[in-house]
Amino acid sequence: MFAAINSAVLLGAQGHCVTVEAHIGMGIPGFTVVGLPDEACRESRDRVRAALLSSDFPWPNRRVTINLAGASVRKGGASLDLAIAIALLVAQEEVAASVVGELAFLAELGLDGSLRSTPGTAPLVASVSGKSVVVAAACAHEALIASPVNVFGENTLRDVVACLRGQQQWSPATTANCGEQVETVPDLADVCGQPWARRALEVAAAGHHNLFLIGPPGAGKSMLARRLPGLLPRLGPNEAFEVAMVHSAASQAGNMRTASDVPPFRAPHHSASLAAIIGGGTTAMRPGEVSLASHGVLFLDELGEFPPSVLDALRQPLEDGVVHVARARHSVTMPARFLLVAATNPCPCANSAPGACICSHADIRRYQRRFSGPFLDRFDLRVAVEAPSPSTLVDTVRGESTIQVAARVERARSIAISRQGHANAQLSVDELDVHAHLSSSARLVLMGELEASRLTGRGYHRVRRVARTLADLDAHDDELTEDHVREALLMRVALRNPLHA
Amino acid sequence: MSDHPDWVYAAALCALPLQTPARVRTLMRAGTPAQVFAAIRCRKGNVDGIDSELLLVWRRHADTDLGDLQDRYTHAGVRVITERDVDYPWPLRGDPAAPAVVFVKGSLEVLDRRRVAIIGTRRASNGGRHFARELGAALAERDVCVVSGLARGIDGEGHRGALSVHRFPHHALGVVASGLDVVYPPEHADLWHAVAARGLLLSETPLGSRPEAHRFPMRNRILAALSEVVVVVESAATGGSMSTVREAERRGVDVMAVPGRPGVRTSEGTNALLRDGCAPVTSVDDVLVALGLDTRKSRPQCDVRPAPVGVEQCVVAALTNQPGTIDSLSLATALSVVDIALALGRLETVGWVAQSGAWWELLPSVHSG
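Residue numbers (the working numbering), protein chains in the order written: chain H, 894 to 1394; chain G, 219 to 587.
Bear in mind the hints are in silico, worked out from the structure with no lab data behind them. Owing to the predicted nature of the structure, the values given are computational and were not obtained by experimental measurement. For glycine and all other residues, C-beta sits at the position ideal for the given N, C-alpha and C. Watch out, some of these pointers could steer you wrong.
[Claimed, not checked] Stretch-level coverage of chain H by chain G, calculated; a stretch enters the list once three of its residues show a Cβ under 8 angstroms from a Cβ in chain G: (1) 1046-1060; (2) 1236-1249; (3) 1270-1280; (4) 1368-1381.
Required output: the full structure, derived from the provided sequences and hints.
Below, the structure is given as structure tokens:
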């Protein structure tokens, strides 16, 4: 009359083990779910009942209590459906209790008894490691990311029970039928002209520097940003695993990014809410765009249109590489080490040529107030782009392709990694003093800029980091030359020359 | 009643609501300020040329504490000068629309200098700003007083240039539209104080007047009347500078304009002036010739910026006729973007070029040849 079945629920980008206990006792027929279930979880009663009956299994017409243990963690989603159904069958002695002890069950049930995939299969499977896992066949490939062995993908409840009774063999999960789409990153060679912006992309990728693109509509800001993931170094196995976990946790069931080594690219619209960008929002604390962009690129087009609260909330993940989302009942920590690329128009009228702007002083002030100073400070690279000239557009000479540039980026990045163990953008001020010595002429240039107050103290460090990357791209591991510093300074344009005179 | 000097009454009259320059003139001609003020206060009083309903409005507001008023002006260091005073700015005497009362702070000696107005758009290009500043400095070097409205853009730059020179005292004259204690634009506070300290600030509105939009065209007529030559550095086809130009033409004051590249918004106004027959200004000498102060022989002047060489020379050549981006310069000179960027960085340090967004402009020299 009692059964305990292993399953798991999703919280943030991680699974948490849950034991589904079923008790069937005397009393008025009824069905109660306890253990902090949310709405989707409580509705599983009706799904489980229909699935059992349509699979010709008995439904206990007695007092049924389902407990989701541990009782203090809130449970969301439908991933416990199959476990509840199996628990009821074990409690009714339809299935022997001895065969389910070393198994975990993770699937949603259809009313006809079919198994449906559930979001976050990969982190859920990872959380029940050590046990064999039964999942829906549709998401078996996702489960394989977390655990390459002991994953069984089945299609119906009837199949699962047949296997448990020993009437049928488990079908091990394969990646065969998942309809993997190969991810394609657009090629840099598609960008006409724009040599300076290409250079900025290369520097951003090589040093993992956040990039701010300023330019009028049609300058190709989004086009450039979309090509950045192709330039970034390919993901290592650990990074690819982390990315796949987060994407699995956030995916709608079955709509899963495959475990590829291409860095992810996320471009949320500016109407996205704070929870959509940072994470949280549901009981399962769905990962936000910052986590989905982890180890890849987060692109914010029309930066000024994002609510200031969203932009300021990005500051903490930008510093820490992880995002902490805390709610009253629980808090989760999710990865958020992304490369931020933002784009904006120079002013409301976007006439960027000298003397062509028709905005009033107040308009420009209002427009620029949207970007808080501390937020703008997070960008090492601020580059102005212009639409390419018509002659460049019709020219048939294509620029360098992604592969050529990515090779240089890879080389520069490996120099940085072997020197200090991380990318140049993460160089602390102490490390800068060790790894980014200035030549005497470079020192003079920076002194001049500081004295003319064209450069702040923080800007000084950022220029040194970018100059370090420029030197790495030149395979120049010595002290920074004047040329490196000058070029780094040019990649820090003012949003627009303030109209102060 | 007459325990205050006349100027206090004049200031009080100027501060009445619904006041206009024409009404101030009428009041000033109706008697001494003290008499007129008394007439407005008196229940049965009457003032020639003033509507009786307006008088009623004024009577309600004519309860100003004159002692306070006098203290405020004394404290602010602002003098009130009516056209009856001997100190009244002489260039304004005989002007068809002269203000009957002016408020000044600083030294009236600037009016004995040669006076050139440097005016132009508030939304100026880097090149225009640079030219205005250099022109202001070059004029101040030759003891010429720079006149402007102290607005954003060209006006302010002209004065910044003039004030950067310490060779002669008193060579800045600011004609402003608000009260002398209402700094506008606020970011020019330093400029206001410097002009008041080393030249003269002048306004026709009393202390506390807001910089309302309608005051600016009226300010422009005084600016034009106080100048011998008006130089328009950059201006759109319509705009405040053009109103100053019209006022100057009405008064027979010479208008000169700095030529600009066709098709650029900030050059439309100046180029139209040149087409209509204004004398062009390409260097400070052109202005000095117009003033009859040709010093070309006495004072050799040349560009102090180091001449560009190599890549920098190519870049300067490519920027000579139009602004460019790093990309377009790379295309025009067939050099790599990195070379171009480094050359631009060096040129910017020595003051040859300036950046605005993705665009780079060549900064012109005010010295001919």
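We went through each hint and held it up to the structure:
no. : hint      : result
1   : 1046-1060 : violated (count 0)
2   : 1236-1249 : holds (count 6)
3   : 1270-1280 : holds (count 3)
4   : 1368-1381 : holds (count 3)
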